[in-house]
Each structure stands twice: as structure tokens, then as C-alpha cells.
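As you go down the protein sequences, you meet chains A and B in turn. In terms of this note's numbering, the first sequence opens at residue 529 and continues consecutively. In terms of this note's numbering, the second sequence opens at residue 529 and continues consecutively.
Just so you know, the hints here were simulated from the structure itself, not pulled from any lab data. Among the clues, some could well be false.
[What the hints assert, rightly or not] Which bits of chain A does chain B cover? Going by a derived footprint, with three or more residues having C-beta under 8 Å, they are:
1) 783-796
2) 812-821
3) 824-837
[Unchecked claim] A few chain B residues that face chain A, going by a derived Cβ cut-off under 8 Å, partial list only:
4) Ile688
5) Leu711
6) Lys744
7) Pro798
8) Ala802
9) Arg805
10) Ile807
11) Ala850
12) Ile867
13) Val939
14) Ser950
Here the structure is a predicted model, which means the values were calculated and not measured. Ideal Cβ placement from N, Cα and C applies to all residues, glycine included.
2 protein chains.
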Amino acid sequence: MREILALIMNNQLGKARSKILEQKPVDIAHFLEEVPLEKTLIIFRILPKDVAAEVFTYMSSEQQKYIVGNITDKEIRSILDELFLDDTVDFLEEMPANFVKKVLRSADENTRKLLNQFLNYPENSAGSVMTIEYVDLEKEMTVKQALVHIKKTGVDKETINICYVIDENRKLEGIVSIRKLILSDDDVKLKEIMETKIIYAQTLEDQEEVTDKFRKYDLLYLPVVDKENRLVGIITVDDILDIIEEENTEDFQRMAGISPTEKEYLKTSPFILAKNRLIWLLLLMISATFTGSIIKRFEDLLQAVVILTTFIPMLMNTGGNAGSQSATMIIRGLALGEIRPRDLFKILGKELRVGMIAGIALAGVNMLRLYFLSKVSLVIAAAVCLSLFFIVVLANMVGGALPIIAKRFHVDPAIMASPLISTMVDAVSLMIYFTIATRLLHV
Amino acid sequence: MREILALIMNNQLGKARSKILEQKPVDIAHFLEEVPLEKTLIIFRILPKDVAAEVFTYMSSEQQKYIVGNITDKEIRSILDELFLDDTVDFLEEMPANFVKKVLRSADENTRKLLNQFLNYPENSAGSVMTIEYVDLEKEMTVKQALVHIKKTGVDKETINICYVIDENRKLEGIVSIRKLILSDDDVKLKEIMETKIIYAQTLEDQEEVTDKFRKYDLLYLPVVDKENRLVGIITVDDILDIIEEENTEDFQRMAGISPTEKEYLKTSPFILAKNRLIWLLLLMISATFTGSIIKRFEDLLQAVVILTTFIPMLMNTGGNAGSQSATMIIRGLALGEIRPRDLFKILGKELRVGMIAGIALAGVNMLRLYFLSKVSLVIAAAVCLSLFFIVVLANMVGGALPIIAKRFHVDPAIMASPLISTMVDAVSLMIYFTIATRLLHV
């Protein structure tokens with residue numbers, strides 16, 4: 529790579545070009561990230577048009593902005609011609625308004641209309657991720673006619689692996705794979721071989737439902753229809769891979785109390801990073817003072833038996849951990865569709881039992897440790913271990929129930945994870961602990 | 529669905545059959561899960577052979593076990609004939625040894641040899657997820673010859689969308705898509721149109737590296753070669769979708785302190801669920817007592833100024849939350865390849881700044897609240913807020929650094945998440961708090 533850069537510095541562009549073209553487009557895009565920004569334009573311009581367009585789709589928005597800002601309208605147009613519509617839309621969605629205008633101005637009228645329509649689909653809808661470059665066929669065609677048609681029009685399509693059979697109103701009637709076409713005899717009509725049990729999405733459907741369909745039916749492509757059931761586009765599995773990772777990232781972030789962001793960590797400023805975390809930190813900090821006020825209410829108890837204070841962190845942590853273990857299992861199960869809200873009571877029953885098993889084990893270990901190793905008095909050891917048992921049982925049930933309840937109220941279950949559950953369980957844990965201690969110690 | 533069940537109860541199998549066949553195989557498999565186990569066999573047997581085989585791949589291992597245990601060797605063989613090799617391997621990997629034997633006994637010798645070889649690939653290696661049903665071509669073939677060859681052999685292949693060009697030693701020389709074949713002229717030779725910049729995997733490569741390649745290069749298929757670079761199989765993107773979700777689930781579980789399991793929550797017994805969570809709960813419980821011992825060391829301080837105790841939960845929680853926010857960002861970045869271990873110092877610098885911004889904001893809010901709302905004495909409010917600031921800064925740096933350090937030592941970064949970081953940060957938080965309080969209060 530350094531070699532290529534040296535060639536460019538020495539203006540040996542021809543040599544640099546052939547060296548670069550040994551790479552895959554995504555690798556060229558990564559290489560451009562290491563190059564000083566002002567050099568990227570030179571390199572970008574020596575690439576063949578089709579490669580340049582593909583490299584462009586893999587660039588960071590900063591670089592895309594730089595390129596678009598520094599090339600002519602004619603050059604923009606020639607990139608647009610090579611790009612699939614969904615890639616153009618992806619890139620425009622990240623651009624500020626003046627850049628979008630510049631790009632739209634450079635596009636021909638037809639593309640401009642289409643782009644405007646696509647940019648109007650709600651974010652994360654099937655319409656916003658689909659592409660329109662698919663092969664359409666008619667059911668009265670023979671296999672041979674279909675193949676001729678594909679040969680004529682296929683070069684501009686995102687895929688020819690699956691073709692779509694539509695009627696005169698563009699209503700989707702069937703799908704037929706290129707495999708079926710190749711393996712069938714020339715004069716068979718499409719209506720005899722096309723698949724009519726079609727899985728499809730509607731333009732306004734949420735992308736999460738779309739990914740569920742890909743996952744469930746092991747799809748590579750999914751047709752998208754409008755309200756009148758007319759075929760308007762297809763979604764391809766490579767975009768679905770990206771969406772799945774995005775949604776997992778969102779869940780990871782929400783579960784840690786971070787406002788979700790799609791931007792890479794290293795490319796985000798400390799201010800933005802802090803902003804995304806502060807809301808929850810503040811909220812949880814203030815809720816935690818509630819726990820402090822419970823301690824205050826039992827000040828006399830703690831002053832009389834100071835050693836009780838030393839067990840507070842252990843009890844709170846264990847409760848928090850047990851609760852977030854349950855919550856994580858349920859949140860993940862909901863995300864994968866393995867658990868449904870109607871399973872609430874099954875889950876409560878299960879978590880009750882899990883909590884009792886874990887609670888007995890933890891309380892047992894603790895009893896041995898406290899009584900034999902730390903030589904704590906029996907009654908205090910008993911108070912701690914009894915509390916531990918009840919805290920773990922309760923934490924498991926809270927952790928199991930809250931994500932389901934959130935889902936029922938159409939709130940993202942992922943926010944019912946570790947930070948929130950720990951904070952809630954903390955307060956209740958202390959109540960249990962102090963109540964049991966007061967009873968047993970007769971303070 | 530109830531309707532179908534009624535038809536079966538009334539022995540109207542023909543009608544039931546055509547009703548069932550309106551469904552997609554995966555939906556039939558789900559339907560069978562709702563049916564009493566003894567009825568599944570009847571339904572399974574009325575399905576056409578190819579549909580039965582596909583339905584079989586979507587069944588739970590319990591049901592697969594039941595089916596295999598109750599059908600004849602001949603029936604097993606006819607299912608095996610229809611299954612792709614990777615699906616057979618998937619299913620056998622979940623079966624107990626005596627079932628594997630029964631299945632292997634039913635297979636013809638060739639299949640048996642292959643299956644034995646596949647079952648010997650290490651779990652999670654490229655070899656264990658690949659399939660061998662791909663189309664191979666030779667570079668001297670013309671497009672026309674290639675298409676004739678595909679037509680003859682394609683019906684048994686998992687895909688014909690990408691074909692593989694190999695030499696006489698089965699070494700991979702190029703790949704050519706069906707699209708390229710269809711769009712090229714009949715008498716062009718494959719060597720002129722095949723792609724020679726090939727992305728491939730080795731049989732022993734870890735599936736995580738394989739998924740990285742799919743993600744990075746937007747692949748639908750990836751060829752797998754052995755040590756001598758001979759083509760031995762291909763991996764398809766639908767299996768990659770499953771692997772990505774599995775690995776995300778593992779990360780979610782590890783990050784909550786749960787031993788990873790692939791089994792669905794609702795299908796796992798409370799004992800297994802408890803077992804998977806207990807190791808970490810125990811470990812963390814015992815570590816948390818260390819925090820207790822710090823409190824014990826400062827007993828005198830707490831007895832003298834009891835109100836200090838009430839801020840312990842808030843300080844510990846905020847530190848834990850800040851630390852796990854950072855850790856989550858870094859763990860996820862590492863998993864997606866956006867962050868590399870060599871970025872450690874960049875991360876520390878960033879988290880230092882994020883921690884200072886968040887620390888100032890939180891300490892500020894807290895100061896106002898304590899001094900004006902709760903009427904706490906100025907010196908105590910100052911001790912609490914100063915501690916809060918240092919705790920948040922430190923927690924951010926610990927949370928940012930530990931996943932990277934884990935990765936460097938080839939430990940899964942995901943275990944450096946919320947539970948472990950909270951426990952570690954707790955102890956340090958208390959040390960900071962008590963030290964500052966002692967200094968400011970002159971106790």
C-alpha cells in the first residue's frame with residue numbers, strides 16, 4: 529500500500545492504477561482512508577468508472593462528502609449511472625441538505641424523481657432499503673424467451689438469480705429462480721414452473737420484520753410491493769446482514785444505557801459520546817439516591833450493628849447481576865422471536881425456580897464462608913444469607929418480567945437491562961435485608 | 529392449522545396433505561411443534577420426499593430424534609438422499625451417539641465416508657459449516673459447454689449462482705457467476721471471463737473470520753479450500769446469518785455473566801439455566817465481599833459520619849454504569865472489527881475526555897441537588913461530588929481498557945462487561961470516596 533502511495537507521489541499514475549486494481553473495491557476504499565484527503569481525489573479519478581462507483585459505496589460519509597464536493601456535476605452523474613439505486617439512497621441519507629441538492633441536480637430527471645420518492649420512505653422501512661433494479665418477466669413467456677429477455681436486460685440489474693413474474697398491472701404473480709430456468713426445458717411456460725407461494729414485504733413494513741422473514745425463510749432476496757400489491761422493488765440479503773448488525777449494536781448500546789448511534793466509536797467526538805451516555809447516567813444516579821434514602825431510614829440499625837453495612841455491596845451486586853442475567857436472556861429471546869409476550873407466566877414460573885436454585889446455592893456458600901471463615905455471629909450470617917436468597921429470587925423474577933412488560937407497552941425491551949434493573953433491585957434488596965436483620969436481631 | 533389437525537384425526541389424510549403443502553417448509557416444521565408428538569410421524573410420512581427432507585432440517589432436535597427413532601433405515605436413507613450435506617451434518621451434531629450410528633448405518637458408503645470426515649472438522653470451523661454440493665467447471669470450457677454442464681448436474685447443487693473453475697488437481701483457479709455466463713456470448717471461454725481475485729476460506733479457519741469475510745465483501749457464497757488449496761466446499765450466506773445471530777447471542781450472554789448456550793430459553797430446564805448463571809454469580813459475589821472489607825476498614829469513619837453511608841449505592845452504581853457503558857462500546861467495536869487492539873491509547877485518551885465531561889456534568893447536578901435540595905453540609909457535598917468525578921473518570925478508563933487487554937491476551941473481550949467491571953470499579957470507588965472524605969472531614 530505504501531508502494532502505491534509512493535507511485536502516486538511520483539506521478540506514476542498508470543503504474544499506481546494497475547496496482548490498485550489488483551484490490552477488491554472494499555479494500556481500495558479502506559486504503560483511501562489511510563491516504564491524505566487531498567490525494568484521495570487523484571486516486572479516485574484514475575479508477576475506471578464502474579470500480580470508482582463501487583469503491584464510492586464503501587467510503588465513509590466524510591470521504592463521500594469530500595469527493596462529491598470536489599468533482600464536477602458531470603462526474604457525479606457518471607457515478608450515479610453506475611450506482612444501484614439503494615446504494616445512492618444510502619449515501620444521500622448521510623449527506624447534509626446542500627450536498628443532496630447538488631447530487632439531485634446532477635441526476636437525470638428520471639433518477640431524480642425516483643431518488644426523491646425513495647428519500648421519502650420512512651427511515652428503517654422496507655421501502656428505504658429496497659432497490660429497483662430487478663428482472664421482471666411475464667407468465668406467458670417460455671423459458672427460452674425469458675432467458676433472452678434476461679440476457680438483454682440483466683446487465684443493469686442488481687441480481688438475476690431470482691426473477692419476478694408480474695401481470696400487466698405490475699402485480700406480483702410469481703417468482704422463478706435462474707436455476708429453475710436453466711434446468712427447465714426451453715419451451716416450458718413460466719406459469720408452469722414459477723413459485724406462487726411468495727414471501728414478500730410491503731414498502732412501509734419495518735426493517736425488523738423484513739429481517740425476520742430473511743432469517744425464518746433463509747432468503748437471499750425479498751420482493752417489496754406497494755399497497756396495491758404492485759411490485760416496486762427487491763431487498764437483497766447483503767443489506768440485511770448490515771441491518772442485523774446495526775440492530776444488534778443498538779440493542780447492546782440500549783442495554784448498557786447508551787442512546788443508540790450508528791457512528792463508529794473511533795470516529796465520534798468525546799462530546800457526542802458523553803452526550804449519548806449522560807441521559808441514562810443522570811437518570812440512574814438520581815434513582816440510586818432513592819436507595820440511599822432507604823439506608824438513611826435504617827441509620828439507627830446500621831449504627832447499632834455496623835458490620836451490617838459491609839454486606840451491602842455484596843447483596844446489591846448479586847441482586848443486580850442475577851436480575852440482569854434473567855433480563856438478558858429474555859431480551860435476546862424476544863429479539864430473536866423465540867419468546868413472545870404471551871409467555872410471561874411461563875417465564876415467571878421458570879425464573880422463580882431458577883432463582884430458588886441459584887439463591888440456595890449462593891446462600892449456602894455464603895453461610896459456610898461467613899460462619900466458618902469470617903467467624904461472623906450465627907444470627908448475622910443467617911440474616912445475610914436469608915436476605916441473599918430472597919433477593920436473588922426476586923431479582924430473577926423482576927429481570928424476567930420487565931422486558932416482557934416493556935414489549936407489551938411497545939417500549940424497546942432492551943432498555944430493561946442491567947443498569948435499570950440493578951437500580952430497581954438495589955432498593956428492594958436493601959428493604960429485604962434491613963427488614964430481615966431488624967427481625968432477627970431484635971434491634 | 530387446527531383445521532389440518534382435525535382432518536388428520538378424522539383420517540382424511542389426502543385433504544390434510546394438500547392443506548399442509550400450501551405452507552412453506554419452515555412453517556410446516558413450526559406447525560409440527562404444536563402437534564402431539566405421536567401425530568408428527570403420520571404427518572411427516574404423508575409429505576412428499578423432498579418437502580419432508582426440507583421440513584426435517586427446520587425441526588427441533590427433539591423432534592428429529594423422535595422421527596429418526598421411529599422410521600425405518602430405508603426411510604432415513606431416502607431423507608439423507610434429499611438433504612444437502614451441511615444440513616445432515618448440522619443435524620447429526622445435535623444427536624446422541626447411538627442415533628448418529630443409526631443414521632450412518634443407513635447411509636450409502638460414499639455419504640458415510642463424507643459424513644465421518646465432516647463430523648471430524650473442529651466445531652465452528654469453516655469445514656464444519658460448508659457444503660460440498662457446488663458446481664465445478666474447467667477454464668477451457670466455453671460458456672455454452674458450461675451451461676450444458678450446469679443443466680446436467682445443477683439439480684443436486686446447493687446453488688448454481690456462483691460456479692467454481694478448478695484445474696485437474698482440483699485447485700481453485702477462478703469463479704464465474706451464472707449471471708456472467710448468461711450475459712456472455714456462447715463461445716467465450718471461461719478463462720476469459722472468470723474472476724481470479726478470489727476471496728476464500730481454509731477448512732480449519734474459525735467461523736468468525738468467515739463471517740467477517742461475508743460482511744466485508746458482501747458475499748453470498750464463499751469457497752473453502754484445504755491445505756493444498758484444493759476446493760473442498762462452499763459456505764452459503766444463509767448459514768452465515770445463523771452464525772452471526774449465534775455469535776451475537778453468545779456476546780449478549782457473556783456480557784451478562786452467563787455461560788453461552790445455543791439452546792432456546794423456553795426449551796431449557798431451570799437447572800441448566802441456573803447452572804449457566806451460577807459460576808459468575810458465585811465469583812462476583814465473592815469478589816464483592818472484597819468491597820465489604822474496604823467498608824470494614826473505614827468503620828470508624830462511617831460510625832462518626834453516618835450520612836456518608838447513604839451515598840455509597842449512588843457512587844457505586846454510577847461508577848459501574850459509566851464503566852459498563854465504555855466497555856460495551858469497546859466490546860462491540862472489537863466484535864465488528866471497527867476497533868483493533870492497537871487503538872488502546874486512542875481509546876484511553878478518548879475515555880479520559882468522555883469521563884471528564886460526564887464527571888463534571890454529574891458532579892455538578894449532584895452538587896446542586898445535595899447543597900440546595902437535601903441541605904447537606906457543604907463539606908460533605910463537596911466530598912461526594914469530588915469522589916463522583918474521579919470515580920466516573922476512572923470507571924470510563926477501566927471500562928475502555930479492559931476489553932482491549934483481554935483481546936490482547938486472547939480472552940473473549942465480552943467477559944469484560946458490566947458485572948465484572950462493576951465489581952472492580954466498586955472497590956476502587958469506595959477507596960476514592962473514603963480517602964477524599966477522610967481528608968476533607970479531618971476524621
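Tested hints:
{"no.": "1", "hint": "783-796", "result": "holds (count 7)"}
{"no.": "2", "hint": "812-821", "result": "holds (count 8)"}
{"no.": "3", "hint": "824-837", "result": "holds (count 7)"}
{"no.": "4", "hint": "Ile688", "result": "holds, 5 Å"}
{"no.": "5", "hint": "Leu711", "result": "holds, 6 Å"}
{"no.": "6", "hint": "Lys744", "result": "holds, 6 Å"}
{"no.": "7", "hint": "Pro798", "result": "holds, 4 Å"}
{"no.": "8", "hint": "Ala802", "result": "holds, 4 Å"}
{"no.": "9", "hint": "Arg805", "result": "holds, 5 Å"}
{"no.": "10", "hint": "Ile807", "result": "violated, 10 Å"}
{"no.": "11", "hint": "Ala850", "result": "holds, 6 Å"}
{"no.": "12", "hint": "Ile867", "result": "holds, 6 Å"}
{"no.": "13", "hint": "Val939", "result": "violated, 19 Å"}
{"no.": "14", "hint": "Ser950", "result": "holds, 7 Å"}
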